[in-house]
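**Student:** In case you want the letters, here they are:
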Amino acid sequence: MCECCVQNNKDIYLPAPATITKRRMLNGTELYLHLESDSGKEMEYTPGQFVEVSLGGIGEAPISISSSPTQKGLELVIRNVGTLTRAIHKLQVGDKLGVRGPYGSTYPVEQAKGKDLVFICGGIGLVPQRSFIRYVLDHRSEYGKVTVLIGTKCYDMRLFREEIAMWQERKDMTVMETIDEAHDCWDGNVGVVTTLIPKIESDLPKSLVMVCGPPVMYKFVLMALAEVDVPQDSIYVNLERRMKCGVGKCGHCQINQHYVCQDGPVFRFSDLANVPEAI
Amino acid sequence: MSVNTISKDRFKQFVEALIQSDQRVVGVQARGDRFVFDDLKAADALRLDYDVTILSPRKYVLPPKEPLLKFDGRASYESLQESEPMVLLGVHPYDMAAINQMDLLFSQDEYDNHYMCRRKKMTIIACDVATPSENVFAASMGTATVDSGYDMLLTDIGDAYVVEAATDNGKALMNLMPDARPASEADIEKRQAVWKKNEHDLNKHMLECKPSFLPKLLEKNYDHPVWEEKARLCYSCGSCNQVCPTCYCFDVQDEVNWDLKTGVRYRAWDGCLLQDFATVAGDHNFRKDRAARFRHRLYRKGKYVPGKIGGQIACVGCGRCITACTAKIANPVDVYNQLMERTDIG
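Top to bottom, those sequences are chains L and P. First residue of the first sequence? That's 895 in my numbering, and the numbers climb one at a time after it. First residue of the second sequence? That's 19 in my numbering, and the numbers climb one at a time after it.
It should be emphasised that the hints constitute simulated quantities derived from the structure, not laboratory data. Wrong hints could be hidden among the right ones.
[To be verified] In silico DSBU-like cross-links for lysine-lysine, where the CA-CA straight-line distance does not exceed 35 Å:
hint: 1; chain 1: L; residue 1: K1009; chain 2: L; residue 2: K1047
hint: 2; chain 1: P; residue 1: K138; chain 2: L; residue 2: K904
hint: 3; chain 1: L; residue 1: K904; chain 2: P; residue 2: K30
hint: 4; chain 1: L; residue 1: K916; chain 2: P; residue 2: K279
hint: 5; chain 1: P; residue 1: K88; chain 2: L; residue 2: K966
hint: 6; chain 1: P; residue 1: K238; chain 2: L; residue 2: K984
hint: 7; chain 1: L; residue 1: K904; chain 2: P; residue 2: K83
hint: 8; chain 1: P; residue 1: K138; chain 2: L; residue 2: K935
hint: 9; chain 1: P; residue 1: K139; chain 2: L; residue 2: K904
hint: 10; chain 1: L; residue 1: K904; chain 2: P; residue 2: K279
hint: 11; chain 1: P; residue 1: K139; chain 2: P; residue 2: K59
hint: 12; chain 1: P; residue 1: K59; chain 2: L; residue 2: K1113
hint: 13; chain 1: P; residue 1: K30; chain 2: P; residue 2: K214
hint: 14; chain 1: L; residue 1: K1093; chain 2: L; residue 2: K1007
hint: 15; chain 1: P; residue 1: K321; chain 2: L; residue 2: K1113
hint: 16; chain 1: P; residue 1: K88; chain 2: L; residue 2: K916
[Claimed, not checked] Here are the in silico distance ranges between beta carbons for each label pair:
hint: 17; chain 1: L; residue 1: F1114; chain 2: P; residue 2: E273; range: 39 to 47 Å
hint: 18; chain 1: L; residue 1: A1120; chain 2: P; residue 2: T344; range: 56 to 64 Å
hint: 19; chain 1: P; residue 1: L278; chain 2: L; residue 2: D1078; range: 30 to 38 Å
hint: 20; chain 1: P; residue 1: E96; chain 2: L; residue 2: K935; range: 14 to 22 Å
The model shown is predicted, which means the values in this text are computed figures rather than measured ones. Every residue, glycine too, gets a C-beta built ideally from N, C-alpha and C.
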């Protein structure tokens, strides 16, 4: 890097090393990692944001942050789905990887204060939502009722089971879980996540609703929310796209006029009214 | 700004002197019956009478493949910046307009110092078009002439060039032209005449609306049948992206050395017409229909990128995509005019 550039600006593509301090499989495909920055400096982020995770020689990919900024270190959950994530799954505690960020928009952390919050999570969509849920639980008195709906394809795919069990025991939040396919060990709700929406006790039209899940889920959840008169500007969706740069240059994550890496990943649904590529 | 005139013979001596200097000099040269930007070895090879180059000078501003950083193992990274001082000689106004747009895009929000550092070391000598190409429509896009971005602007007025030095870099280059004399009024008039002529002649395809109307036109026509009609013939080859002076999307890939430990992370041109451009891990393709990709390119040029750069339309009318497209469907004017036909302008 030449002098004029080093002086004035950081290299936006340069990852910083971080070390894996905890690791465990949450199910057959999802790996939980706890990272600490080698610089010793905590990353400053807000729930909803993501980081670009690098393994030199293999590549880089955008990964949602699952921890809350109220806790130490950075938590990520990585599905074994491609070349990079397969390699990340082989890493052990003490191994290092590269991280840059945080990037992207955030959940309405401030705006949501005093309001009832509903989180609708499908599968791995729980991962970024957990960042905001944990943040709310760490500032519990500042928010209204908290309802979390979690839908998972099958019993074995369920994420953060102990943590969800702890949430279910709390008196200051409501957590409902469902699985798409019945299972011998499961005596809870069976069906897609929309089947839980009628069971929500909060005043839905006055709540803020956060939605994150696989592409197929959004349409059905949004239809169900429209039926119970939740205004579109009270709904936040968390979208994923292919991203290469994370900083609004490479063009990959664009949905119509929006760059998911800058304008998203968290969008207010009413802002997507004229964005047909969104879902 | 200083405006001078130099005879073509003396100008050739200037180019020789430039080639002998310690800067890399890239200029337009013939390649078969077409033209390219390439390293200039002799002043005789320079062809400022060219119509259009196969690839735009984007290949120097944003190289097709560019190292971003080197790595040593999984988590040790170091920035790479390999740019060198360079003179880019013979940039047409429409290509200059494209570079001006890219400068804005790479410096706004997150500052891309790989791009910007290279640009700062670049001296651009633009030249007005002397021979219109078969598909140019710069006049329709307001880029038949250009008034910023270059260090020096040349205009062919017959036996001489009018030379405008617009920056300190440009003025420094004037030192290599001791024989230049201040442009006479007559020379300035000849230059005006060239501009006027180009604003008329560089229009082989005529856009039937002002370019500033395009964002609104597109807003009304997202589901227009033209996207499907045209895209039915599309090979998804990405040639239109490849030759476009304003396309700047890129992919990022790591190349590892034989030690399986060290290597380089590159960025390389990518194209939104290519089938897997928007595919994520797990094989979900967010833009899997050809028509959606075809539409996306023309929306980027006419609406999305303009939204990022103060309304400037990101098609500069060079006409390269028209020439490059095997299926003959890429002509932006043809598509935009078809939208005009069926749109109530209101």
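**Student:** So which of the earlier hints does this model not fit?
**Tutor:** Structure breaks hints 3, 6, 12, 18 and 19.
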